[in-house]
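Peer 1: Here is what each chain is made of, one letter per residue.
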Amino acid sequence: MGRVSFKCRPVTRGLAEGEALVTRQPISFWGGLDPAAGVIIDKRHELYGKSVAGKVLIFPYAKGSVSATTVLLEAVRCNSAPVAIVSIEIDPVVAVAAFLAEKLYGKVIPIVDKPEINPLEAIKSGDLVRVDAVNGVVEVLRSQS
Amino acid sequence: MTGALYMYLTKEEEAVLNGERGEAAQIAMSVLVKLGEAYEADRMIKIQHAHIDAASYATIYEAGLQFCEKMVSAGALFKVPATINPSAIDFEAWRELRVPSEVTEKQIRLARAYIKMGVIPTWTCAPYQNGANIKYGQNVAWGESNAVFFANSVIGSRTNRFGDLLDVCAAIIGKVPRFGLYLSENRRGTMLFELQDLPVKKFTRSDYGALGFLIGSTAGTEVPVVVGIPRSVTVDQLKFFGAAAATGGPCALCHIVGVTPEARTLKAATRGEKFKDKVTIDLREFKEVKEKLSTTGDREPDLVAIGCPHCSVEELREIASYLEGRRVKRGVELWIFTSPSAKSLAREMGLLNAIEGAGGMLIAGSCPLYLPLSGWGFKVLITDSAKMAYYAPGLHNVDVVFKDTLSCLKAATTS
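Taken in order, these protein sequences are the chains called A and B.
Take the first sequence: its position 125, counted from the start at 1, is 124 in numbering that gives the first Met the number 0, and no numbers get skipped.
Take the second sequence: its position 226, counted from the start at 1, is 225 in numbering that gives the first Met the number 0, and no numbers get skipped.
Worth flagging that the hints you see were computed from the coordinates, not collected in a lab.
Bear in mind the structure is a predicted one, so any value in this text is a computation, not a measurement.
Heads up, a few of these hints could be off.
No farther apart than 27 Å at their CA atoms in a straight line, the calculated lysine-lysine pairs in the BS3-like style are these [unchecked claim]:
1. A/K42 x B/K286
2. A/K102 x B/K69
3. A/K6 x A/K113
Examples of chain B residues lying across from chain A (beta carbon under 8 Å, computed) [said to hold, decoys possible]:
4. A37
5. A53
6. T58
7. E61
8. A62
9. F66
10. G173
11. P392
For glycine and all other residues, C-beta sits at the position ideal for the given N, C-alpha and C.
Kindly generate the complete structure, drawing on both the sequences and the hints.
Peer 2: So, in C-alpha cells, the structure goes:
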C-alpha cells in the first residue's frame, strides 16, 4: 500500500511535520482551548484533556466565538500551538491567527484546507504527517496501523 | 490553485501597503491583504462600521494586548465608527467582583489603547441594541459571533465572521477584502429547517436559544433557512436565538423567513435555487437539546447569571419587576449583565435600585464568561442563555443548569 498523500489549498505558506491529532467534531478555540497549556478544555469535546501543542491538528471546521484568533495567537506566543492545521474549510478567524503569528512572532503555522480527500478518514491520531502549505500537499509519513 | 497574487489594489491601497501612510496602517493593510489572497478576494471594499471583538483581556491575552499597544504607538486611528465588545471587568466594580489586580491593570491598559484609536466605548456584545447605527445592505466589519449573526440575519448588513484583531485592522483601514458574505451568491440559503409541532408562539427567550443552538450545530458551514418563526418574534428573542446558533456552529447568517430582510419569502432566501438539504425539527429533538445544555440535574446553584448576550433595558425592566419584594437567597449570587449605557438608563428608571435592593448585582460592560471567577469557588451556575451554558463549564470549571429567565430568578430568590 502506497503512502497516503493528497492535495489541499494552502492558506498560509510553510512546511511542518508532526504527530496528527484528528477529530470529526468542530472546535471552538475560545472556551475550548487553554492557550497557555495548549490543552482542550471543552468538556463536551472528544479531545477533552488532549494537548494540541506541537501536533498537526486535523478537524472539520472552527465554530463558536470569533476569539479563536487570539486564543491561537496566544498559544503561539506560549509555544503551545499546533505545528500545522488541516481542515475541510478554514474559517478566517483561524487563518488570521497564523498571519498575525508571523507578523508579531515570526512563527509560521502551515494551514491547508479544501482537501481532495477526507483527511478525517485518511489520517488517524498518532500518524506522522507532513503538511506542505507551499505546494498544497499533505502526506502521511508513518501510519499507526 | 490559489488566486493569491491577483487581488487588485488601488494606487492608494498600494501606498498604504508600502508604508507610505505610516506603520500602523501598513501592518493593518498587510493582514487584510493576506486574508484577501487566502480567500481569493478580487479587491478591497469600503466598510461603514466596525464592531471590535478584541475587547477583553480574557479573550485576547498578552498577545492581543501587545498587538494593540504596538498599533497605538505606531499611530493607529480608526477610520470608521467602531463599537466595542465587553471588557474582562466592570470598570467600576472590579474589586467587588474579586478580579485580580493584574487582570484589571491589563484591561485598563487595553481600554486606554482603544480610546486612543478612537473607539466608541460601548463595552457590549449587543452593539445592535446600544448605538451601532447600521442598516440593510451596508458593508460592515463585525466581530463577536452573536453580533455577526444579528447584523447579517436581522438587520441585513453584510459582514463576515471576523475574528479578534482583524476587526482592529479593518477599523483602521476602513476596508476589507471582498469575499464570503459580502458577495450575494454566498448569502443564498442552502439548508432548510422546518419546525414540527414546536409551540413557537409560547417560546421563551431561552427556548429560542435552544432552537438556535440546534440549528447552528446541525447546519455546520451551510447557510440555514428557517420557516415557522412568527413575525411577532422580539429583538431579544432573536438575540438569544442568534447567540446560540453562533455557538453551536460557525453560523454567521441564517435566513429566518419573514424576518430576515433578504428572506421575505422562502424563494427569496434561496434565490430560487434548490436546497442541498432539508431538516425537520420535532418536539422530541428540541427537548433533548434543551436537556443536553445542562451538565447537571436540579442541583442548587450558587451563581445565577443572566445577560448573555447583554440584557436590554426591556429585559432589565422585566427582571426588576420580578425582584420587587423578593430577596436573593443566602449563599447565592445573582449577577445580571448589561451595557454601561443600559445600566445608566436602568439607574434613571429605578430598576437598578430594585435589583440591588433585592441583593442582586447589575454588572456593566463585562461578561460572565470573561470575568475571572477563580476567587469565588462557584460550583453550579444557572443561566437562561444557551451560549453561556455551553461555554461556562470549560471556562469556569462549573456545572451548568439551563433554564428560562423566570426559573433562574426563582432559583435565586425567596419572597
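Peer 1: Each hint needs a verdict: does it hold in this structure or not?
Peer 2: These are the hints, each one checked on the structure:
no. : hint           : verdict
1   : A/K42 x B/K286 : 21 Å, holds
2   : A/K102 x B/K69 : 12 Å, holds
3   : A/K6 x A/K113  : 8 Å, holds
4   : A37            : 5 Å, holds
5   : A53            : 6 Å, holds
6   : T58            : 4 Å, holds
7   : E61            : 6 Å, holds
8   : A62            : 4 Å, holds
9   : F66            : 6 Å, holds
10  : G173           : 18 Å, violated
11  : P392           : 5 Å, holds
Checked against the numbered hints given earlier, this structure breaks only hint 10.
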